[in-house]
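Novice: Just so you know, the sequence shown maps onto residues 1 to 397 in UniProt numbering.
No lab work stands behind these hints: they were computed from the structure. All residues carry an ideal CB built from backbone N, CA and C; glycine is no exception. Keep in mind that a hint or two might mislead.
With a straight-line Cα cutoff of 20 Å, these simulated SDA-like cross-link-like pairs (lysine to any residue) come out [stated by the list, open to error]:
id	residue 1	residue 2
1	K103	A126
2	K164	P210
3	K4	T53
Label-pair ranges, simulated between beta-carbon atoms [what the hints assert, rightly or not]:
id	residue 1	residue 2	range
4	N222	K371	51 to 59 Å
5	V48	P246	34 to 42 Å
6	N394	R338	22 to 30 Å
7	P224	K371	50 to 58 Å
8	R60	K371	53 to 61 Å
9	K103	M1	20 to 28 Å
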Amino acid sequence: MTVKAARVIGAADVVAYHSARHGNSIARGVAEPYLRGDQIEERLMYPVTVETTDHPGGYRGALDDFYAASAQTLADHLRAGRDVCLLAEGDPLFFSSYMHMHKRLADEFDVEIVPGVTSVSGASAALGIPLVEGEETLTVVPGTLPLDELAAVFSGAEAIAVLKLGRTFSTVRAALERADRIDEAWYVERASTPAQRVLPLAEVDPEQVPYFSMIVVPGRRNNPRFEQTQSRAGEVVVVGLGPGAPAQTTPQVRAELAAATDLVGYRTYLARIAARPGQRVHASDNRVEAERAEFALDLAARGARVVVVSSGDPGVFAMAAAVAEAAAQPRWTDVSVRVLPGVTAATAVAAVTGAPLGHDFAVISLSDRLKPWEVIEARLRHAVEADLVIAVYNPGS
Numbered sequence: 001m002t003v004k005a006a007r008v009i010g011a012a013d014v015v016a017y018h019s020a021r022h023g024n025s026i027a028r029g030v031a032e033p034y035l036r037g038d039q040i041e042e043r044l045m046y047p048v049t050v051e052t053t054d055h056p057g058g059y060r061g062a063l064d065d066f067y068a069a070s071a072q073t074l075a076d077h078l079r080a081g082r083d084v085c086l087l088a089e090g091d092p093l094f095f096s097s098y099m100h101m102h103k104r105l106a107d108e109f110d111v112e113i114v115p116g117v118t119s120v121s122g123a124s125a126a127l128g129i130p131l132v133e134g135e136e137t138l139t140v141v142p143g144t145l146p147l148d149e150l151a152a153v154f155s156g157a158e159a160i161a162v163l164k165l166g167r168t169f170s171t172v173r174a175a176l177e178r179a180d181r182i183d184e185a186w187y188v189e190r191a192s193t194p195a196q197r198v199l200p201l202a203e204v205d206p207e208q209v210p211y212f213s214m215i216v217v218p219g220r221r222n223n224p225r226f227e228q229t230q231s232r233a234g235e236v237v238v239v240g241l242g243p244g245a246p247a248q249t250t251p252q253v254r255a256e257l258a259a260a261t262d263l264v265g266y267r268t269y270l271a272r273i274a275a276r277p278g279q280r281v282h283a284s285d286n287r288v289e290a291e292r293a294e295f296a297l298d299l300a301a302r303g304a305r306v307v308v309v310s311s312g313d314p315g316v317f318a319m320a321a322a323v324a325e326a327a328a329q330p331r332w333t334d335v336s337v338r339v340l341p342g343v344t345a346a347t348a349v350a351a352v353t354g355a356p357l358g359h360d361f362a363v364i365s366l367s368d369r370l371k372p373w374e375v376i377e378a379r380l381r382h383a384v385e386a387d388l389v390i391a392v393y394n395p396g397s
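With the sequences and hints as input, model every part of the structure.
Specialist: Shown next, in the form of structure tokens:
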């Protein structure tokens with residue numbers, strides 16, 4: 001707590017604080033040494049936190065009514081000429097309950113906001129490792145986000161702080177595992193209190209995680225666990241970006257792109273990706289698929305986490321076949337290879353034109369670089385004779 005906050009608490013006529021239905025308030029416990037004993041106290045008790053409710057407006061309706069009633073309680077004191085101090089854990093404008101009161105009262109009454117020490121600062125101090133340095137960036141994430149969204153954020157972030165744990169812990173942990181960041185992460189519980197605990201995340205029991213805890217991933221410049229993760233075997237992940245629009249790149253593919261140490265692919269496709277700081281980008285011509293696949297496998301054999309980039313779906317006239325063929329060679333047998341599906345042009349065009357591929361169909365490439373035209377012509381003729389819908393790829397090749 002800051003010196004100014006202690007002074008404001010001691011001078012207030014009314015001290016208000018939020019609590020759950022059990023009635024205990026962490027904010028009041030922190031402020032208790034500075035209370036005078038003759039002040040009016042207002043406990044603003046949430047009707048629900050994680051429970052279900054029979055409120056006609058559901059969970060959101062119950063909270064909206066609670067915030068309105070709480071604001072009215074504080075407004076009554078203010079109109080009576082009393083100074084009100086509303087306590088908030090951490091900083092009042094950082095994931096705080098105070099914000100709901102601010103939006104309802106600040107237009108009518110004079111408000112002074114006393115900044116506080118955030119949980120992010122408290123947790124990083126407890127950890128004792130610099131969180132970010134130089135040009136590193138920090139991403140602060142609520143643990144209430146869905147698993148796929150968390151994994152995508154974690155893959156692309158440098159330093160990370162995750163709040164709002166408790167019941168969300170298992171989902172956050174799974175997202176860190178999917179993003180391959182779990183070994184860089186630390187768990188901090190009840191930072192700056194006598195009950196403070198700091199553990200590597202992998203050692204935490206999910207059943208013993210309170211709401212007032214955080215996950216911290218320090219930036220890689222100072223994270224002692226990052227170097228340990230880099231000593232593991234590399235792998236090759238073959239992905240497809242989709243047919244064009246960024247929205248058609250799947251979250252799974254975006255997560256792998258963000259987590260990669262090396263991006264390998266045709267320069268036109270790599271130009272669609274904004275590489276993060278520190279990623280190595282290896283662009284090449286469109287006619288060197290076999291060489292590109294072997295290059296990616298060689299990088300992975302030396303410990304790199306390589307993403308080979310195609311457009312559309314990597315298994316449809318793209319790099320998955322070349323990587324699979326190269327990986328079958330004895331020298332690459334110890335290199336892990338994965339293929340992630342993407343949106344292919346056939347289904348994208350069918351959707352846009354209103355001509356869904358609802359029955360049997362054939363996908364045929366007109367490129368004669370790897371097969372003679374006579375073979376292409378015969379396949380087209382057979383598909384037409386079979387009355388199949390035909391999706392034609394590479395007409396310009």
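Novice: Now, for every hint given, state plainly whether the structure supports it.
Specialist: Hints versus structure:
no.	hint	verdict
1	K103 with A126	violated, 33 Å
2	K164 with P210	holds, 9 Å
3	K4 with T53	violated, 39 Å
4	N222 with K371: 51 to 59 Å	holds, 54 Å
5	V48 with P246: 34 to 42 Å	holds, 38 Å
6	N394 with R338: 22 to 30 Å	holds, 26 Å
7	P224 with K371: 50 to 58 Å	holds, 53 Å
8	R60 with K371: 53 to 61 Å	holds, 59 Å
9	K103 with M1: 20 to 28 Å	holds, 24 Å
Consistency with the previously given hints fails for numbers 1, 3, ordered from lowest to highest.
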